[in-house]
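Asker: As a plain string of letters, each chain reads:
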Amino acid sequence: MLRKRYSVGQICIVALISLFSLACLLPFIMVVSGSVSSEKDIVNYGYSLLPRHISFDSYRILILGSHRIVDAYIISIIVTVVGTVLSLFVTSMAAYAMARRSFRFRNALSIYAIITLLFNGGLVPWYIICVRYLELKDTMWAMILPPLANAFNMFLMRNFIMAMPEDLHESAKMDGAGEFRIYAQLIVPLAKPVLATIGLFISLSYWNDWFLGLMFVDKQELQPLQLLLRTLISNVEFLRSSSNAMDIQRIASQLPSESIKMALTVVTIGPIIFLYPFLQRYFVKGLMVGAVKG
Amino acid sequence: MKIVTGAERTSTSVGLKSKGVLRELVRNRALLLMFLPAATLLFLFNYLPLAGLVIAFKNFDFSKGIFGSDWAQPFFNNFDYLISSETAYRAVRNTILLNALFIAAGLVFEVGLALLLNEIRNKYFKRITQSLTFLPFFISWIVVGVFAYNLMNFESGAINRIIQSLGFDPVDFYSEAGLWPFILTLAVRWKVTGYGTIIYLAALTSVDNSYYEAASIDGATRWQQTRYISLPMLKPTIMILTLLAVGRIMNADFGMFYAMIGDAALLFPTTDVIDTFVYRSLRKSGDIGMASAAGFVQSTVAFVLVLVSNYIARRTDKDSAIF
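Residue numbers (UniProt numbering), protein chains in the order written: chain A, 1 to 294; chain B, 1 to 323.
Please keep in mind that the hints were generated in silico from the structure rather than gathered at the bench. None of the values given here were measured: they were computed from a predicted structure. All C-beta atoms in this analysis are idealised placements derived from N, C-alpha and C, irrespective of residue type, glycine included. Heads up, a few of these hints could be off.
What the hints assert, rightly or not - Here are some chain A residues pointing at chain B (derived, C-beta under 8 Å):
1) 25
2) 30
3) 32
4) 113
5) 129
6) 230
7) 282
8) 284
Claimed, not checked - Quick list of in silico lysine-lysine cross-link-like pairs, PhoX-like style, CA-CA up to 25 Å:
9) A/137 - A/192
10) A/137 - B/64
11) B/284 - B/126
12) B/235 - A/285
13) B/284 - B/64
14) A/137 - B/284
15) A/219 - B/284
16) B/123 - A/285
17) A/285 - B/126
18) A/192 - A/173
19) A/285 - A/192
Said to hold, decoys possible - Rough simulated footprint, nothing fancy, chain A against chain B, three-plus residues with beta-carbon under 8 Å:
20) 24–33
21) 268–281
In isolation and in its complexed conformation, chain A is listed as follows:
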């Protein structure tokens, strides 16, 4: 039999999808290329997909020249790791309590959690509570605590635990295990897939977050990586928009250059690209399950 020839429609579809996929990929390549380009090339030729002259100077300066960047990296890692671990712990325990069918107050607890998904007080009261009453200003906790308990994640996990057979719990109880023990030795190991999925969700949002840093952290040495990147970029933009050309030239020679900005961007994306294959698989699976369930 003859091979089926591609129709015009098929070719158009393939072209459209390819175009959009390329558009999604190219900015990444541009940044990587910019980070290994020499400053002169960027100034003369602009950003391009392939570097004209390869130079790793920007990375060298980044790592050796500035302890602020290393500090910011460490802050981001600490916030992400501590936040994710604590959040998983809090979320899974709450989910377990909400999932226990024989627990009379489980619906009350669910309503208590669901209300937080529907109403919010907005930025101002939230900010004032955090700063004045909880004294989170300029602490690392300001970047860890506010998103720690997320009702949405608690419900995801509750549904997973509720899908487990109730007999499992009963027999463990028969053997004399208390709730804590059942949770730690039975539920947690069985809930590993959902813990991994939600853990990835949480760590991604911790890693990418800079809003909390912007709101609460004024101290330079506590700034997370994303905020540092933001500061670096807005400084350059600010200089660009200032009217005095002499000033710009003078400061531009001292400021981290374009290629360093690109290098910092690459470093900021780094861990995510590294985790990407795992992340994507879990996300797609999680979303598919959610979608099919409706």
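Chain B: place on chain A using the hints.
Answerer: This is chain B only, laid out in the frame that chain A set:
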């Protein structure tokens, strides 16, 4: 996981009703204790701010705190202030218009990409392109801001280089407010289309293949199959997701706006939204009265919208509503 049939599952909630509440609490102290950390955190970061909405009616004094501050005279003073502010009006208008634009573009891009991907028979091409479109979802808005800057800045931006090489004058995107609703829409679509497509794609793959087979026997073209089978199948999903998005139309993604625009006041006429307006009033100008009044309006309208859209969603499809 072990599969348990319904018959094996025993009912465990029999006989609980007669016991006292207090005894129940004591008996379940372990479970309550396990819920305690989450309850405390939700109380501190969600319930207290909810109660804190009263500051919209107060003359907030930092030293006296939210509940100790004096009431505003008259109590709607902050709102008077807000209503007379042109910036606030602009922020509300921009929030709704931009979100409407995002929702409309989201529909076109996400449903469109899902339908296109559904036509692809080559497994590898499908998998690779899907991975690529999903990639931007994982980076922060700050990084997207860098990408946007690379493309659009005046001196070295790639777009301006292309424009120049074609013999036109470069465009200073960062001072053209009129362009930004479209730039922002494109940025949002670039970042989350891959993610948003997954749900539609899942809905499409669950469509029974025999529909398509029957249609093609009847001589339906691929386009007709898409038009009369795929799209109607997606309709419930489209409706629910759109409804829920409409419920959030008063809330803007602060992270995106601030990362893309920052303090570029030139762009505010088209890009200043309630969230950025409140942020500036709170953190920059220190105008807490105005900020809290704007936040109050935002929260109340958002609340009503969520309730309404959820109500409609529930009537449309019982399983899709949040509550």
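Asker: Against this structure, judge whether each hint is valid.
Answerer: Going down the list of hints, with the structure as the test:
1. 25: holds (5 Å)
2. 30: Holds: closest Cβ of chain B sits about 6 Å from residue 30 of chain A, inside 8 Å.
3. 32: violated (11 Å)
4. 113: Residue 113 of chain A check passes; min Cβ-Cβ to chain B is 7 Å, inside 8 Å.
5. 129: holds (5 Å)
6. 230: holds (5 Å)
7. 282: Given a least distance of 12 Å, the restraint on residue 282 of chain A is violated.
8. 284: holds (6 Å)
9. A/137 - A/192: Violated, because 35 Å separates the two Cα atoms, which is more than 25 Å.
10. A/137 - B/64: holds (18 Å)
11. B/284 - B/126: violated (47 Å)
12. B/235 - A/285: Roughly 22 Å between the alpha carbons, so the hint for residue 235 of chain B and residue 285 of chain A holds.
13. B/284 - B/64: holds (21 Å)
14. A/137 - B/284: Since the Cα atoms of residue 137 of chain A and residue 284 of chain B sit roughly 16 Å apart, the hinted pair holds (cutoff 25 Å).
15. A/219 - B/284: Holds, at about 17 Å.
16. B/123 - A/285: Holds - the C-alpha atoms of residue 285 of chain A and residue 123 of chain B are around 17 Å apart, at most 25 Å.
17. A/285 - B/126: holds (16 Å)
18. A/192 - A/173: holds (21 Å)
19. A/285 - A/192: Holds - the C-alpha atoms of residue 192 of chain A and residue 285 of chain A are around 14 Å apart, at most 25 Å.
20. 24–33: That given contact holds, which follows from 6 residues of the stretch 24–33 of chain B lying within Cβ reach (below 8 Å) of chain A.
21. 268–281: holds (count 3)
Checked against the numbered hints given earlier, this structure breaks hints 3, 7, 9 and 11; the rest are met.
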